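**Student:** The chain contents come next:
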Amino acid sequence: MEILLADDDANIRTVAIIGLEDEPGWNVTEASSGFQALEVAGSQSLDVIVLDMMMPGMDGMTTFGKIRELDNCKNVPIIFMTAKVQKNEVDGYIKLGAAGVIIKPFDPLSLAQEIMAILEKAKEESRA
Amino acid sequence: MGQCLKGESIVRAYLLTDDQNFLVERELASKRVSKDLDKLDKLVADNAEQKTFATAVRQFVQKRVDYSSKIVTLNRMNKLDENETRRRVRESAALTSSLVKHLHLMRDKENDLLQIRQAQFDAAIDRANSVESALALASILALTLAALMTYRYFTEKTQLDKRYRAIFDHTYQFIGLLTTDGRIVEANQTALKLVGADQSQIKGVKFVDTPWWNDNPEGKRLLQEGIEKAAKGEFVRFETVHTSKDGEVMAIDFSLKPVFDKNGEVSYLLPEGRDMTEQKLIQMRISESENRVQAILTCLAEGICQLDVDGKIVYINSAAQQILQYKEAELLGQFMHEKVHHVRPDGTIRNKENCPLLRVIKEGTSCRVSEDWFVRKDDSFVPVEYVSSPLVLDGKNNGAVVAFQDITARKEAENRVSEFYSTVSHELRTPLTSIRGALRLMEAGKGGELSARGKQLIGMGRQECDRLVRLVNDILDIRKLEAGKLELSLAKANIKTLIDRSIENLRPLAEEHRVKLSAEGILDLELACDKDRVTQILTNLISNAIKFSPQDGTVTLSMSVKANFLKIMVRDTGAGISQSNQKKLFRVFQQVDSSDSRPKGGTGLGLAICKALAEQHGGQVGVESKEGDGSTFWFTLPVDMVSMEVPAINNILLAHHVSEERPKVVIAEDDDFTRHLLTQQLTKAGLICISVQTGEDTLEILRKQEADLLFLDLGLPDMDGVKVIEELKERGRGNIPLIVYTARDLNATQKAGTTLGTTRHLTKSLATEEQILEAVNEVLQGRWTLDVKGEMKNG
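Residue numbers (this note's numbering), protein chains in the order written: chain D, -18 to 109; chain S, 193 to 987.
For reference, chain S alone in the conformation it holds in the complex (with noise of 0.2 Å):
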């Protein structure tokens, strides 16, 4: 704006003059003026009020500017005369003195322009007022500019004094300022608040004989000593506590730092305290948290097992070490399963791929192995009971922990309960083998006529002789399942045949107590089961029913089929259970009570056996009955069941034996469920299924049969699938249709690696029913149609 005004002046010199020279500098003033405007407008950009007053100056000084190019420019054409001259100049006046006035509005509304400026800009403006001394009105907007430049350099300066002053005192940090003998000066807040002081309290107060250091003799001596180190200009450092007025003790991270003048003078001390209580107590905490989780795993009968997402050992507890024999470092960084769980007591080597720990891993659910082997060091075999479970922290799989026992001491305790209960049965069952030859021989007449009375006697004796070898037999039973050792040999048996059966061999007992025996609707159905065990099943039922039937009563059989499951049912004209009394029902020694005394020879274990076989069949038990309306006992066993482990060979000579026409798979699965699982899926669909578990029995069943389709598993123990593949093709084989049922995870090339003829690639656990029965209809293109229900079709 200066400048602005000093164009005018050297306008008006020129006007007077005509003096060229006077032009030039009226340019530089011009720029000097827009350089001014924006600087101007820079700093009061923050408030909405003077940037108006700034533009409002714009405006005037360009009109001011423009007004005395435009007399420059008439000038030159000559076409002033001295009177337009003179008014020319009048207005350039008038129009500097508007300007002025805004200044002026400007600088009052900043309001703290020191004083010495104010006095200069009035002055400066008194002598702009007058024409002659224009010249001097150019500085008023340099100092209007200067003004409020100052002003605003002193309200940063103390905004930016009170924000530090806020920071020292409410930092958490205990703060103040020491002489360098140690007095203080100065304390924050924070510092003042823990003792309870305020600053004119403690103003040149020895430190060392402040609040902050009561009942501290040792933190005093230290500070001592740390007050003549830091004077010297050395930084100070130490922990010590603080306690309060309550007694409350507060760990301190105590400093003192040298504050130097511009001479590297030490000026002051900056004494700060840091609160480390919680700190500290976290640190404890958690160390004591690691100490005591640490105990715990070396305390620990169990053996602990981490794994990386590899399956390598990263921690194994002492116990672990101790039950595998194996020191830490010989484990740590070695593959769990390569090293401990590779192979079997029986010498097969074992599936890395189904390997239960590293299934874990990379399916991320936890399993439980209720029995199993690993390997020690010696290469002795010790048995164990393993859960693996994932290990996932912060939501990213992690690898797993494996958590095993010895079971040594178990599996004796069992063989010694198992081998007791096969004592005992034996102890029991030889005297009764007499007792029982001696009974029945005696009433067959083989010790001589005997007397009515006697007959009935010895009848009794006899009776009661049979229940007990019912018990033992019983016992034994209950025994096994509850071991869960009772293994059913499944066969395909006629369910028809086996109620005729067991409703004959019941008729003396229903005639015995007079009640009818019947069956109706009984179907002519093929299943799979354990024959001797579902006999037993039915026989219970049916006596059950006879003995709790009226005289003249009826005990009737009738069956239905309904989704799969094939129920039984054994209906009696009985007393009826109450609800209450059907629950206890399938117990173990649990006989109704009943008004009903006549003796019914049972052992109380019937019904408990009936419902832990029907189970192990797949199906279920139980009672519909209502008091005085007779029940109904019923159980049911899965019809599509196959699950008879048929070895390879068998399959051969059965497929020899039945209709060509349907297709036939070669099975290549190691591990029995899923090949169990595949041969009954399969077997349902229609085909003949040929079941084999290793690589070499895989070429040679293919070398002697003609096969439709190889469903292969990859990681056979003996030969990986590729190998099988690879040797088919050699063999001219390379047409077979293939599925190929891996757990890993092919990619394409691999995918394309392990082709034959047409060929489909399943994700084992993947893959559902459905879907690997539509594969197999692809694979055999149309040759044949399969469908769920079983159905084939020719195609």
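For reference, chain D alone in the conformation it holds in the complex (with noise of 0.2 Å):
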């Protein structure tokens, strides 16, 4: 599982890769910007895409936009990683586009379960 997480503080990158260290055959690729984000997934074969929604310089919604232009990340399923909403106001991202939405604070130690449980979900729809 590629994995590329974006976001500009690097706290909570470090929480967030710790929790997924022991997940087996889990590869995370930490990026601190939008751009550096851009840059990975430009260059890189990517199973899932976490962007954290507010990052300084490019945003998680300009990164998101450049990245879906990407012809190799047309498909690549894209999680946002926000602080800003809450659980119930999700909704709006789902429709932009996004795979899922992760609410921080979020527990490391789920996380992995999380990301699969968006993944599995977003498969379904696009089936149905």
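Hints are computed from structural coordinates only; laboratory data are not their basis.
Result set (DSBU-like, lysine-lysine): computed pairs, CA atoms no more than 35 Å apart in a straight line:
no., chain 1, residue 1, chain 2, residue 2
1, D, Lys76, S, Lys723
2, S, Lys723, D, Lys65
3, S, Lys688, D, Lys104
For clarity, every value in this text was computed on a predicted model and none was experimentally measured.
Assembling the complex is the task here: the two chains are given apart, and the hints tell you how they should meet.
**Tutor:** Written as structure tokens, this is what we have:
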């Protein structure tokens, strides 16, 4: 499982990476900005991208749009991560094309589980 | 009467001379007598006693006339010898004197007879008493009449004078009479009373020098001029004042009128003064209050519009002009709805029929709209809040007054507040993510093995972190609830599933507190609700119950359904809550003092949020508790809530899935609330509802779908209902049962023009749910029978 994690907050990245490190077969690439995320996305083959919404320079939404323009990322599921909204407010993001939303604070111990659940749900929906 | 006597003497002459000419004269005299008697009757009509006399006189006269007639007749038949003739004449004389006596009595009664008449009368009576001068007696009656009439005339004249005098003296006006050189002849009582003088003191005094003109040099000058002018025959009028001894000032409307004699010369001057103080005051007050109202309306920051019964603007204050950026003249006489309210910012046309501005005029009840848009002159939109109230003058509906406010600033502030909360939330959650994440990883041993003490400390940190996260979430919830921004996403949910899941999630907490968690009598019930929010309420109540229960205590969930409400109860075996504390419980940041000092990890917002969420669902929350005997927290949810706004297309899909045996209704209605309500009512009654908002969609749906009933609002935004009906007829769907649901007051012709198959017309806002269902039943014509309980039988 190739995963890109883009968040400008290094502590959050660290917590997430430690939470995911024991997952067999998961390989996490970090990005500390939207630009970096775009670079990684263009050069690597990814299974999922987790994108923080609020990043300085280029925010998550812009990054999302640019990643979608990349030829190799047309169909890579992108999960938004945000501290701005609550659980019941994620519908808007999903309408914009996100596979799902992870709300901060997340539990690093169940982060992998959360990502898998989102991917499965998205898969189910695209099948329907 | 005179004529009667004349007749008598004529008869006598006739008897003596046997000349037929006398008879002709007698005839004329008789007629005169009869006339005089009538006159007498009229004269004494107002006096009962005199009336009796008059009747007696009439009888005597009649007798006398009859008697003379008899004599004439007898004479004609030559039945009268000389003796007989004499006897008859004597009898006549006796009758006459009897009559005279009565006339005397009458005259005495009228005690004010003029002396001359009296003498004439007596002389005439004397003369009449001698049979020979009987003719003279004829004048007695005439004299009596004349006397009576004269007397009456003078009495009346005196009475009239008295009346005039009374009017003169007691009128509200100050009136007098002056000589042409301005000396007082007379002044009325009202005028005298004003200065405390009597008639004798002022008679002959120059009017200018009287107390009426004290301390009034300007008035005196005007009066002097006025007298000179009036003496020349001019009418003079001016306003002046009168200052009383106490210094009280009275405004006077003064006039001077020349009185002309027969020769057209001015003989007197008639001064007249009218107290204008009160009128002046009233006038002053009216203009004062008018000015004040005008000033207030101008100063108001609130826009004020007055509409006539047609909805045309008849008044608009300056704030309203400013807000709408129109000049007064551009708005006066214009229809308010059409000018500033016809379209929404998203470009959709607003239905005039449901316009709250106009509904007020029609229905007579005021309304408040807390957020709406008005269109400015440059077609930009201004956010407004308005109150529209019916204007009732003298019990008559006179249109409406719309008071509105530009809420741009408020909306900006709201947005700022919203943004602030969102930022704060973000700024708090970001570090919390790292802190909590790090603590979770430590707890899980990702940072190496921890000592027991280390574990305990890390655990404490993590728990308090959780509490901070909850607090942030709760604050955001409260903020949204208070701003009315929390929207429920309603969907059908099974309440048993929600309860089971909540219990499962909280089982670890219960075990931690060594509290037994159980549920009893939970019904497997579907209801429309926001399942996340209901879970939030359940979690809150259950976790509270666990935290406030003693070790080995029990928390029990149960439910009941009553009057369309589902009640869910959470009972604990805690210490209970005093009556006074029960009231505080559901307020923000209220935690009840308790001797129980265990950390509860609460935010002080949980119950307030539960209350708001339950109320948002149309339910309630509450608590029943006795100190020392545990507490039962409960909340209710309406069971018949069907409020999902399902897009029409989904409804069509749905319709395919559901049993075809149920009747299908297409609801065409653009007003959200009405469509909602109808969908709810008809779904409850067992119909499959397909709702659309435009005429176009109605036609489209009916082209694709068979429907058993069309529920049609006539005022659809894109197409009038009448047009929809015509189109349907053209497309061969003229036989579909129809219920026209409109706010319009349709007359018989209009009703006849809006029919398809079996048709019923219902008036919005008047039709009750029962009437709606009744109409549905009627148009479905027994193919289906619905009842309010939603049970349905296929007929």
